[in-house]
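Chains as they are written, first to last, in my numbering: chain A, 1 to 320; chain B, 1001 to 1334; chain C, 2001 to 2286.
Just to be clear, a hint being listed does not mean it is correct.
Stated by the list, open to error - No more than 20 Å apart at the CA atoms, straight line, and that leaves these computed lysine to any residue pairs for SDA-like:
(1) A:K269 x B:E1209
(2) A:K269 x B:S1190
(3) A:K301 x A:K269
(4) A:K269 x B:Q1205
(5) A:K269 x B:G1164
(6) A:K174 x A:V77
(7) A:K174 x A:N90
(8) A:K269 x B:L1207
I should point out that these hints are in silico values taken from the structure, not numbers from a laboratory.
Here's the letter readout for the chains.
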Amino acid sequence: MSLLEVDQLQVHLFTNRGLVRAVDGVSFSLEAGRSLGIVGESGCGKTMTALALMRLIPMPPAQIVGGSIRFDGEDVVAMDDARLRALRGNQIAMIYQDPMTTLNPVFTVGEQIAESVRLHRHDGRHAAFLRAVEMLQLVGIPDPDRVARAYPHQLSGGMRQRAVIAMALACDPKLLIADEPTTALDVTIQAQILELLRRLRDDLGTGIILITHDLGVIADLVDEVVVMYAGKLVEHAPVRHLFADPQHPYTQGLLRSVPSLDMREHRLKTIDGTVPPAHAMPAGCRFNPRCSLVREVCREKEPPLVDIGQGSRAACWALA
Amino acid sequence: MSAPITEPILVVRDLRKHFPIAGGPLGFRTVGQVKAVDGVSFEVSAGETLALVGESGCGKSTTGRMLLRLTEPSGGEIRFDGIDLLGLGRTDMRRRRREIQIVFQDPYASLSPRQRVEDIIAEPLDVNGLCENAAARRDRVVELLRLVGLDAVHLRRYPFEFSGGQRQRVAIARALAPQPRLIVADEPVSALDVSIQSQVVNLMQDLQEQFRLAYVFISHDLAVVRHIAHRVAVMYLGRLVEVGDTETLFSQPHHPYTQALLSAAPVADPERRRTRIVLTGDVPSPANVPSGCHFHPRCPVAEGVCRETVPVLRDVGGGQMAACHFAKAFPIPV
Amino acid sequence: MSDIAIAPGRQSAVLTYLAGNKLTAMGAALCCLLMFVALISPWIVPFDPLEQSFATANQGPSEVHWFGTDAFGRDVFSRVLIGGRVSLSIGICAPILSALFGVWSGMIAGYFGGWTDRLISRFSDLLMSFPSLLLGVMIAAALGPSFQTAVIAIAVALFPRFVRLSRSATQVLRREPFVDASIAAGRGTLSIMLRHVLPNIAGPLVVALSLWVATAIRLEAALSFLGLGAQPPTPSWGNMIRDGMSDLVGDPWPAAFAGAAITLAVLAFNMVGDALRDMLDPELDT
């Protein structure tokens, strides 16, 4: 039994401009101790998917309208609130992009980490605080005792993000969901945080779901990659295969348009056009207006996700 | 790839920006200074792109803004076509503004939400009286829209009707309106999706070729910089640490910070298991700069002299300049 | 940034909102009704509000005198109507006058910062350190009570609030890149303030204006109650309550109806202000 099984997840957004199918039939699974990256550009639904895993999506205007999310065998969508609360922060933890808004400015860092410990493990104040200091040390913060007594604004961006990671790991979660954890950080600090995540993945065996738009971050941290476009899952492959031999035209285009750090190209490759507006998606395959391989069937019917060998799946009529 | 060697149109010498820190009981006393930009010098020629790179707090954005006097420098010289912009009065400066324009990072905040695209793009034309009548104005705006890959049908629309990439194109069209010779691009593609970034970068290169524009390209994204820049200047805490030709800088950096920066940049290739140089500590705040070489607390090769003496930006061979007591060709670890 | 500016082309959102929210639609309608009635009141009053008649003094509401009569036999209904005209004109003129000076000062303070800001802010803070009513009383006492005095007094009391609001809104706006872009294009400062800053801070200002009309009406009532506003025999809601105070048990009607009118007007303008604030709130997009 996998740690996480997502099956045909559908999240709809009800706006006054129309219905937005933010996540439209996404399925994937994650084994314990493995890491999965969800990659895509703005509006692709990756953050909604991540939020749905713990039922954190804002309920209006969004809603999970279909599919199932099984964590350790239990269906998160159908769960009652008490069970869900026991899960959140405890067995599944999440870290967000901006550490400044994740941390409450009026409480010390140690108090915030300890809060999670007290809630789920019913430890006393002192024990919880010790655990907080222990976690801060785990994430590589020097002088953890002093930092635990500090307020968020007294710490730098990198330290805050480490503190947020410490908070997430405080109760030994089986699954860690990281939503753009390094996007707001400087490159050299990003390198530090990525190294930390790598170490934690290796040492603690926590399952990780990493959401990002940065292909460079994905390449170095995850075992498998899911590529999303306009609410759909378009490709799912082991990381090496995805980068070496991408199958879906969108993935190919995406990888090609990233400028290389190693070599100057004469002219960057691009994907023509733009992502269609969320409430006015084209019929058939959502990528078809921008695809160089487009055929008649692409404009009429949505391609199914098919197995294309080597542990990969892709949704494209050219491959089916 | 190299730009044709010509007289530089922009010469910046010892540019400084110090922000006073207010303190005291009523907030009237100046208790310290934030040295956001602390003596920066560089040159840009027509048709050339100089990239200013660095992390947050390094002063690259402030430097860019000072080139247009959007932020008034505290000292130094900015010579455009030989004339020091800092000595100009209001009216003369306004006239000079036609020649130097800017494109900002945030495509959502750089266009006035209450103005139509036509008026946004025409603003430099209106303010400088560059069009004789409404028809000429409209024609010029349509021409600019076409140059950036948009269409006349977009004239009467409002910014909120466009995507990020399209808004950035509008911003570029506005910058082109007064026929500038230099454009300061402050992180112009950082807020855009990857597939849109490449579209806008290509557009900027095409325009550069077509109009022999000079760019001061401010960015933290080294891959984009490698692609678009002829020369690169690396900043750290208000000072230049390395300047040189792009290819040489990327393959053989001469400053340990440049080396660390290049090493830390994520690469979209899982096969490249690199040994990263991971710097310890945080990027210090410009309000509290270390003594001597600003980089010494985090530098893997720092020695005593680095704490005491400020290294000068000097020629280290091959047209490269670096500000390090121990400058040499630092290898990028594989 | 979009929390300050309402995107043009969304004016129909106003009607959509009003259609969906009955209570505030009622408030808006009430405001319009009040202002309209106040405007045409001289022509629709059934009786001359100044006409005294001891024969019919201190009567309760009846078919002839809908709101009864006061101690001087004057028709309360007519007095409420004409009083409304006075109170509402002061209540609307004062904030507008205040805004004219306050918004400009705030914009200048917010745009330029530095010493200009400190000067204007300190002055504004000084005014604000007085309770508004006290300030109004001091000014009215200094200038001698009258309609104009009441307008000035209330305008001065509201001035710092407008300064504060437009200053902070301008400060936020000043940092927006599109203002820098305009400077880069060569636009002059005054032109930028008129073309870019003002239209973008208009939203919160309009909200504030309507809420402070409500405040101004209350202040006017208080000033007139103290005898510092419009002078008798000109009726205003405040001085009607004052006159009615002396015989509250015997003839509560003038005070009661004037009081009810004040309450109604303040409520209506508050509702409109709240509705405007909600409409400009980007959170309500979905």
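Status of the hints after comparison with the structure:
no.	hint	result
1	A:K269 x B:E1209	holds, 18 Å
2	A:K269 x B:S1190	holds, 17 Å
3	A:K301 x A:K269	violated, 28 Å
4	A:K269 x B:Q1205	holds, 13 Å
5	A:K269 x B:G1164	holds, 19 Å
6	A:K174 x A:V77	holds, 18 Å
7	A:K174 x A:N90	holds, 8 Å
8	A:K269 x B:L1207	holds, 17 Å
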